[in-house]
Amino acid sequence: MKIVVAIKQVPDTATQVKIGGDPKAIDTAGITWIVSPYDEFAIEEALRLKEKRGQGEVIAVSLGPDRVKEALRSALAMGCDRAIHLNDPAWANADTLATAQALAAVIKQEQPALVLCGRQAIDDDMGAVGAQLAEVLGWPCASWIMEEAVDADAKSVRVGRQVEGGLEVFDLPLPAVLSAQKGLNEPRYPTLKGIMGAKKKEIKDVKAGDLGLTPAAPQVAVKNLEALPARPPGRVIQGEIKDAVKELVRALREDAKAI
Amino acid sequence: MEKFRGVDYYGIETLLSEDERMIRDAVRDWVEAEFIPIVPEHHRAGTFPIALIPKLGELGVFGATLKGYGCAGLSSVAYGLIMQELERGDSGLRSCASVQSGLVMYPIYAYGSDAQKDRWLPVLATGETVGCFGLTEPDHGSDPGGMKTRAVKKGDAYVLNGTKLWITNGSIADVAVVWAKTEDGEIRGFLVEKGTPGFSTLDIHGKFSMRASITSELAFQDCRIPLDNLLPNVQGLRGPLGCLNQARYGIAWGAVGALMACYDWALQYAQQRVQFGKPIGSFQLVQQKLVWMLNEITKAQLLVLQLGRLKDAGTVRPQQVSLAKMNNVQAALDGARMARDILGAAGIVDEHPVIRHMLNLETVNTYEGTHDIHTLIVGRDVTGLDAFGAA
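Protein chains in written order, with the numbering used here: chain U, 188 to 446; chain B, 737 to 1127.
Don't read these hints as lab results, they were simulated from the structure. Please note that a few of the clues may not be correct.
[Unchecked claim] To be clear about the criterion: a stretch of chain B counts as covered by chain U if any three or more of its residues have a C-beta under 8 Å from a C-beta of chain U, and this derived list gives those stretches:
#1 749 to 760
#2 787 to 799
[Said to hold, decoys possible] 20 Å max Cα-Cα, derived EDC-like pairs, lysine to aspartate or glutamate:
#3 K388/U x E244/U
#4 K889/B x E929/B
#5 K386/U x D755/B
#6 K380/U x E864/B
#7 K739/B x D199/U
Each residue gets a CB set at the ideal place from its N, CA and C atoms; glycine is no exception.
Extracted from the complex, chain U is given alone in its bound form (with noise of 0.2 Å):
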C-alpha cells in the first residue's frame, strides 16, 4: 500500500513570533523551524499502516524553500521510505488552493492509495490544503480523524472522526485524503539510527514546470500583519471594601459589561 504524507514546516512552538519589515510576513530570523505538530500525527499513522500491513511505501511531500529539506530529512528519519521536495520560487505566494493543485499533481503521478495531513498546519491555522486537495483530486476526504481501519484489500477505509461529544463514524472508498487529528496516535521520536539512515534517503526536487503547472496568482494574499495591541494594565480598586465591591459591580457591569 502507497501512502503520501503531505507535511508543512512551521516554526517551533516556542516562537516568539515578531513581524518583519514586510509587514506581509514574520520575521524569520532565528526561528527554530519544526514539523507541524499535525502532520507527525499523519507521518506516524501512515508508518503504522505500513508496518501492520508488512508491506508498503510511505513518500512525504512538502512544499516550501529549500529549508523545508530539513523537516522532510526529519519525517525519512521517523521512518518514511523517500521524500518529494516542491521547490520552486514559483509557488513563494503559494496560498492554500495553488498549494493543494502542486500537491495533487504529484499525487497524480505517485498514484497512492491513501493520503494523510495534518489537520491543519499550526503557523497560519488555516486548515484548508487537505480538504482542497480532496477536491482537486476528486477524491474523498474526512478531516480531524482521531482512528482509522483500512480493509484487507486497501479498497476503502473506517474513519472515526471528532466532533462535539464523540466520533463520526465514516467509511471511505480508497484512494482517499484523511487528515489527522491530535489523538490519532503517539508519534514516535526519530532514532538515531533512523536519523543517520535519513541521510541515504532519496529527497527529490520538483520544480513546478515538471509538474506542468504554472502557479497561478493566489487568490489570497496577506494584505498586513499586526501584532495583538498590548494589554491594558489591570486595575486596583481602592477603598472601603463595602463601595469597593460597589464599585466592581459596576465596572463589571458597565465598563466591562461582563455581567
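Got chain U sorted already, so can you dock chain B onto it with the hints?
Relative to chain U, chain B alone:
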C-alpha cells in the same frame, strides 16, 4: 520558564553537520518530554527511572558510536551532543548512558572476544541488558593500579575476591565489567553476570549528589566465573584507562549541558524576578554572573567540539581529554553555583533544576578522574615530570 532552546552565542551551530544537529534535537526533545517532567520526584526519592533504559536503547543512545551490533555508528561529535543533551536533563541520566556505552560496551567491543561481543553488545544496545563497570575500590580511587581485587585461576574458573565501590548501576546491572589483578600482578578485565554465586551488591544511600542515579558497592567473595569471561585482548592499566578516556570525553560534553541548563534557567529568572522595582537582571552584579556563565559555555562548547573532531580524526590524546574534562566540569560547577545564587532563596528548592545540577556536578568533578588528577595529568604532559610517581 520557557522551553529550553540551547545556548549558542557564537553560531557554533553552523560548525555541526545536519545529522549532528538532528541527533542533538532528537535527544533534546526526548529529554524534554520523557525525562524533565519526572526527574524532580526521582531526585527526591533517590531513585533512577529504570523504565527509561530500554527507551534510551530504542532511541539509539547506547554504544552510539560503535559499528554493527545494532548500534548507530555515529561520529564522536554526535555522541558528545547526545551526552550534552542528556546531562541537560540530569547528570544521573548522562551517567547511565556513559557507563553503558563508554565503560561496558566499549571494553567488550575493544577488548572482548567475538563470542562476548555477539552475546552482549546487541542486548546492551537495546537496553534490555544493563551493565556496570567495577574499577574503583574503597581504598583505591585515584590510584587504581593499587587495586586489591584478585582473580586467581583455579581449574576451569577464575576466582574473584575483593570489593568495588561507587559503581553506577551496580545493583541493577545484568553484567559487570570488573577489573582485577591476576596472580602475575597484571590487571585484567572480567565479565561477571548478575546472580553468580559469591557476587553481591549493596546500594549506597545518603547521597547529597547524583541522587537520581544508582550507586552501589560490588562484593566478590570466592566468586567463580568461567575462563571464557576474561576479556582476552587487553592487559594492564591501559584497559580500564582506555574505557575511562571514552567516558571522560562524554563528561566533558555533558558538563556543558548541565551548565547550559543552569544558565538558561538563571537568565530567564533574572529577567522576570523584580526587586527594587526592576528585574534583577538589570543589576550589574547579576549581569556579571550571567555573562561569566555565557562566556564559559561558549569556550567549553568550542573546546569539546574541537576535541570531538580530533577524536573523529583519530588523533586525540588522552591528555587532551583530561584538559576538557577538567575545564568544563569546573566551569559547570562554578556556573551552577552562580545560577543558584542568582535564584536567591528559590535556588534551594527542587522546583528549579539548578541546585540539582549544582549538587550533581560535585560528583562529576570527582569521578572519572578528579579535577586535581586531570590537572596533574596535563601537568605531567607539559613538563615531562610526573607528580604522582615515586621521587
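Against the structure, the hints:
1. Remark: the stretch 749 to 760 of chain B is confirmed as covered by chain U, as 4 of its residues place a Cβ nearer than 8 Å to a Cβ of that chain, reaching the required three.
2. Taking a C-beta to C-beta cut-off of 8 Å, the stretch 787 to 799 of chain B contributes 4 residues in contact with chain U, enough for the three needed, and the coverage statement holds.
3. For the suggested pair K388/U and E244/U, the alpha carbons sit about 13 Å apart, so the restraint of at most 20 Å is met.
4. Between K889/B and E929/B, the direct Cα distance comes to roughly 18 Å. Compliance with the 20 Å bound is thereby established for this hinted pair.
5. With a CA separation close to 8 Å, the supplied pair K386/U and D755/B stays within the 20 Å bound.
6. For the hint linking K380/U to E864/B, the alpha-carbon distance of about 18 Å falls within 20 Å, and the restraint holds.
7. Distance restraint check for K739/B and D199/U: the Cα-Cα separation of roughly 11 Å lies within the 20 Å cut-off, and the hinted pair is therefore satisfied.
The structure shown violates none of the earlier numbered hints.
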